[in-house]
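Protein chains: 2
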Amino acid sequence: MSLMFKVLKTFGMARRGILETVHGKVETPGFMNVATCAAIKGGLSSLDLRNINCQVMLCNTYHLHLRPGDEIIKKLGGLHKFTRWTGPILTDSGGFQVFSLAKLRKISEEGVEFYSHVDGKKIFLTPEKSIQIQSNLASTVAMAFDECVKNPSPKSYAEKSAKRTVRWLKRCKLEIERLNKDDSTINKKQLLFGINQGSTFCDLRIENMKKIAQLCLDGYAIGGLAVGERAEVMYYVIENVEPYIPKDKIRYLMGVGTPVNILESILRGIDLFDCVMPSRNARHAKLFTNGGTLNILNAKNSILDESIDESCNCHTCKNFSKAYLHHLFKCKEVLALRLAVIHNLYFYNNFFKEIRASLDNNRFLEFYRQKKNILCQKV
Amino acid sequence: MSLMFKVLKTFGMARRGILETVHGKVETPGFMNVATCAAIKGGLSSLDLRNINCQVMLCNTYHLHLRPGDEIIKKLGGLHKFTRWTGPILTDSGGFQVFSLAKLRKISEEGVEFYSHVDGKKIFLTPEKSIQIQSNLASTVAMAFDECVKNPSPKSYAEKSAKRTVRWLKRCKLEIERLNKDDSTINKKQLLFGINQGSTFCDLRIENMKKIAQLCLDGYAIGGLAVGERAEVMYYVIENVEPYIPKDKIRYLMGVGTPVNILESILRGIDLFDCVMPSRNARHAKLFTNGGTLNILNAKNSILDESIDESCNCHTCKNFSKAYLHHLFKCKEVLALRLAVIHNLYFYNNFFKEIRASLDNNRFLEFYRQKKNILCQKV
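If you read the protein sequences in the order shown, they are chains A and B. Read left to right, the first sequence gives residues 30 to 408 (our numbering). Read left to right, the second sequence gives residues 30 to 408 (our numbering).
Hints are supplied without guarantee of correctness; some may be wrong.
Computed cross-link-like contacts, DSS-like style, restricted to lysine-lysine with a CA-CA straight-line distance of at most 30 Å [stated by the list, open to error]:
| no. | chain 1 | residue 1 | chain 2 | residue 2 |
| --- | --- | --- | --- | --- |
| 1 | A | K184 | A | K70 |
| 2 | B | K70 | B | K239 |
| 3 | B | K347 | A | K359 |
| 4 | A | K158 | B | K315 |
| 5 | B | K70 | A | K329 |
| 6 | A | K347 | B | K315 |
| 7 | A | K104 | B | K132 |
| 8 | B | K104 | A | K70 |
| 9 | A | K184 | A | K199 |
| 10 | A | K202 | B | K70 |
| 11 | A | K347 | B | K132 |
It is worth saying that the hints were derived from the structure and are not from the lab. It should be emphasised that the depicted structure is a prediction, and the values quoted were computed from it without experimental measurement.
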């Protein structure tokens, strides 16, 4: 299994790598495009994903379990057939959503009892159940079921929770091994990534990382960051836990982040990212450009016959003007969302392409210094 | 100017024709795809229009005058440059919207005073002003400014209104002739279609049609139908007024209608149509198929791994299943709207293609009889 991921090159802590999967390869550092309910919000289909250079689609286990139901998706041949996306798909475990969306949860050693945010129905999610759902969805990578503790959190609770998450991880591993041998399983080569927890306490994080490293998983995620703490704290935690993540495995920082967060994290040894920010910001008219961020709703854009970013090759920039996009947002036309999301996701995927090229050409530090200040500016 | 439209073939009253414009030709019978605010609702861009075999895009003068403003669109090079649609564009005159959307209107010989439905601002629209706006938008075809009377309407009012609409039409004609000679005009070959009014009173309709026929316009529309009366009344009015429409000019039935309305109207000599129904129905999960209409939200669709219409070649049917579309509608994903609108508009444009082929092959009556019953069914 360890042959799945290859580090091609390093630059300090930063790594240039490649993950081989049954659904194709993922060049790292890489960004996963979030399709919560098996569709990118804003009207992009899986066919559009190819045109924005998406490498991995990320779908949400919790949402798909509720609607349409993972049994239905299994009957329909799995997420790939359902969405028509043929590349790698990562499914989260539902853990994060249980703790952020669901009502009245009750945690026990066995799992979590909670009420659906859609119809109020009682649901009991366990590590085994989460893996069963993800196996039904037939994603390329399944994530272990964890508890995501909000920051700040009392150390005693963070410790108790992190230890339970390790026990849950062992159950996830047994379950995926069982299911990957089951005749009815669609993707018998489903990978499992473990998740490091421990809130902002470096000693807990390290202790947790050491334990999960022994389980020899296909990849390691750092979860429970970017959930309330300052960015500097996040960087500090990554720096501290990084030496304990197996060098030969892919490292995924969950739910992060801004272009600067991403550069700083790659500099500290992270390979894989996902974030709703580019698509969510786009839906709120906030667009990324190589010169900084802009709000297309600003009045000055109403008469500008130029693309959002003249240096961008996305469908939106190649075809439409700021004035047209401004108009579509003003009229609340759905097309506004689509064109904006296409641009922001293309921007993110292209940003990662540039990062990889800078690592390939030994110019990563130069790239980092050059981009770090520009990308925070408002234009 | 009369060479612009050619009748290639007739079949009873039904006609197979072609309209040549500066922005390309329009094969008739033809359907215009409604892009009210310079975008098809549901997230389709002008580039998508090509893939759904759209011949003509229809934009709304009233909406675009309010937002972004026709002066801005003129500065940006006209609607074609603004939207990136290169084919023919028809703009309505704003008349219909003034009478259906605006508040507190006051009609005089000079024009109509009303309050914007967007920001409550007072606006005074005259025949000249409507043509000036449409000239700024630089559409291929401008529509005359008319009053659209709701049905039923007192005959005395319908008569008074229809007569005023003729006087307004003469002013429209003078204004477009003036503007088409103006140096600053973007499209100096903008066409003008007159609009027949007279509510459901055939004598008024005929009198009105005779008068406007003398003005030798580029095309003739029948307005003020499908606004409250039964379909049979509409067909009866068309039958009565048709003999008085110049044979060598294109005939446009405004705002109509269902596939059956369209077949019946073509049978009575209509060449051109527009309707929001295919896109609006799509946004409400109601889809047209060659076997009848279906509501994709019906539970039975949740597990069907088949296209909406197996005989359809649209992007949606070629790629996605009923189950996926059902799921997207259930989750209120914007992608649901896009895929449904693509299908319904493709269906309509393809339906017209089939009608034209049936006329070309002398099978129109057969086609009419075959489709008439099927298309009303619910599947």
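Hint check:
Between the alpha carbons of K184/A and K70/A the distance comes to roughly 37 Å, so the proposed pair goes past 30 Å and is violated. Taking the CA atoms of K70/B and K239/B, the gap is about 37 Å. The hint is violated against a cut of 30 Å. As the CA atoms of K347/B and K359/A are separated by approximately 33 Å, the hinted pair breaks the 30 Å bound. At roughly 36 Å between alpha-carbon atoms, K158/A and K315/B are farther apart than 30 Å, so this suggested pair is violated.
A threshold of 30 Å between alpha carbons decides the hint, and for K70/B with K329/A the separation of about 25 Å falls inside it, so the pair holds. With a C-alpha separation of about 33 Å, the suggested pairing of K347/A with K315/B is violated against the 30 Å cut-off. Simply put, K104/A and K132/B have alpha-carbon atoms about 53 Å apart, too far for the 30 Å limit, and the pair is violated. Taking the CA atoms of K104/B and K70/A, the gap is near 33 Å; set against the 30 Å cutoff, the hint is violated.
Distance restraint check for K184/A and K199/A: the Cα-Cα separation of roughly 23 Å lies within the 30 Å cut-off, and the hinted pair is therefore satisfied. Using a Cα cut-off of 30 Å, the hinted pair K202/A and K70/B is violated, with the two alpha carbons roughly 47 Å apart. Annotation: proposed proximity of K347/A to K132/B is violated, straight-line Cα distance about 40 Å (limit 30 Å).
The structure shown violates the earlier hints numbered 1, 2, 3, 4, 6, 7, 8, 10, 11.
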